[in-house]
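Protein sequence lines, in the order shown, are assigned to chains A and B. Oh and the first sequence: position 110 is 111 in this note's numbering, straight run, nothing missing. Oh and the second sequence: position 43 is 44 in this note's numbering, straight run, nothing missing.
Derived from the structure by calculation, the hints contain no laboratory data. Remember, it's a predicted structure, so these values are computed and weren't measured experimentally. Keep in mind that the hints are not guaranteed to be accurate.
No copy labels: a pair is met if it fits in one copy or bridges any two.
Pairs of lysine-lysine residues, derived as BS3-like cross-links and limited to a Cα-Cα distance of at most 30 Å, are as follows [to be verified]:
1) K150 / K30
2) K30 / K122
3) K58 / K30
2 protein chains.
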Amino acid sequence: MPRKKTEPKLEANRRAELLRAAARLFVEKGFAATTTRDIAEAVGMRSGSPFYHFRSKQELLKAAMIEGLDAGNAQLAAAIEGIADPEQRLRVLVRTHLGTLLEGDCRSPLLVSETRALDDKARTEIAAAFDRYQVPWQETLEALAKSGKLASAAPPVRLLVFGMLNWSSHWYRTDGALTVDALADAAVSMLLNTAPRGADS
Amino acid sequence: MPRKKTEPKLEANRRAELLRAAARLFVEKGFAATTTRDIAEAVGMRSGSPFYHFRSKQELLKAAMIEGLDAGNAQLAAAIEGIADPEQRLRVLVRTHLGTLLEGDCRSPLLVSETRALDDKARTEIAAAFDRYQVPWQETLEALAKSGKLASAAPPVRLLVFGMLNWSSHWYRTDGALTVDALADAAVSMLLNTAPRGADS
DNA sequence: CCTACCGATCGGTAGG
DNA sequence: CCTACCGATCGGTAGG
Chain A
2 MPRKKTEPKL EANRRAELLR AAARLFVEKG FAATTTRDIA EAVGMRSGSP
52 FYHFRSKQEL LKAAMIEGLD AGNAQLAAAI EGIADPEQRL RVLVRTHLGT
102 LLEGDCRSPL LVSETRALDD KARTEIAAAF DRYQVPWQET LEALAKSGKL
152 ASAAPPVRLL VFGMLNWSSH WYRTDGALTV DALADAAVSM LLNTAPRGAD
202 S
Chain B
2 MPRKKTEPKL EANRRAELLR AAARLFVEKG FAATTTRDIA EAVGMRSGSP
52 FYHFRSKQEL LKAAMIEGLD AGNAQLAAAI EGIADPEQRL RVLVRTHLGT
102 LLEGDCRSPL LVSETRALDD KARTEIAAAF DRYQVPWQET LEALAKSGKL
152 ASAAPPVRLL VFGMLNWSSH WYRTDGALTV DALADAAVSM LLNTAPRGAD
202 S
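Make the full structure from the sequences, and use the hints.
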């Protein structure tokens, strides 16, 4: 019995390829400046073909964001698994998050600003994915506040922390002198207001 | 002697109006998603008329960014004039900057991400305007580090601070419970790792 | 600064 | 998933 012409597994792969290409291009050029033709070309398709997998360009953004955030969330969970000390947990969260932002190829958390192109329903679903992503952060910040290493873990603190980290995508250069490790260290030091680790070696 | 039909002063006003409208729309909808027709309509012009004042849409973004940043810079200078204590200076810088971002109608610092639509020459000029804007910040951070209130004033610290503040434009709601004053306070407290001011009243 | 317009591009679709 | 295509929109310009 010969193989069927279209294997279901391949179709799922094509979908995932489209999502990765879309996420990367949306981050690089922005949602509005990225054409569906750009995305098609990035995965070797013709201009109309992405619409076989996704109903619209918006749908592509929505799926890229939600699936990217949940994947990042799984990475966070795996990274802090078994780490009890809150300061160490924070270090790992920060380093993992910066890795996703600066070294990954999906970088979904950076697409928040592009959700303005979506309707309310999509934005609500994306907000829920963001909420899930923030859970381990809030827990860690509260533990640090309880142990006195952080002055406050009130709601704006978490958001300020994300800002501090996410904004680095606007200025960080992979080819510069500052490594991602050193940046993670600088961020944690700023938060806890302690000397950066490199300072005493 | 009757008035001339076109007064030179009015023409400069129209240019300024276009810049303000462009900056606001670019922040709200993004550069690519904002049409020159949107901008024209916002100031009561017809679709082709903005091109009487600016050569291209890119030119409009460039001018909005540079003039906006320099105006913001002048505001910062005026606000910290005569304040000697570095902690107080930081408080004023943060509050003034957040005012520009969240309460102003130009909000130019938020347009960094849109400069990807410009050519290298324009980006270089905008980078210079950003450098000017950052001078008072770096001086203040260094003074704080010298007095021991801040663990480090190394270059990434300033950038992390800007990230912390600028990112708030993605989540801050003018109609929420958190005032800009309280947000400024939370940010300064996080930086110095001291209890927020509201905590002891 | 307006009128009238152009060429190019874009998201999306029909039909296979 | 491709071919062929459409309607709409957009940045920009000529001429006044």
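Quick rundown of the hints versus the structure:
1. For a Cα distance limit of 30 Å, the shortest separation of K150 from K30 qualifies neither inside one copy, at 40 Å, nor across copies, at 40 Å.
2. In this homomeric assembly, K30 and K122 come within 30 Å of each other (Cα to Cα) both inside a single copy, at 24 Å, and across copies, at 18 Å.
3. Taking the closest pair of Cα atoms, K58 and K30 come within 30 Å of each other both inside a single copy (14 Å) and across two copies (17 Å).
The structure shown violates just one earlier hint, number 1.
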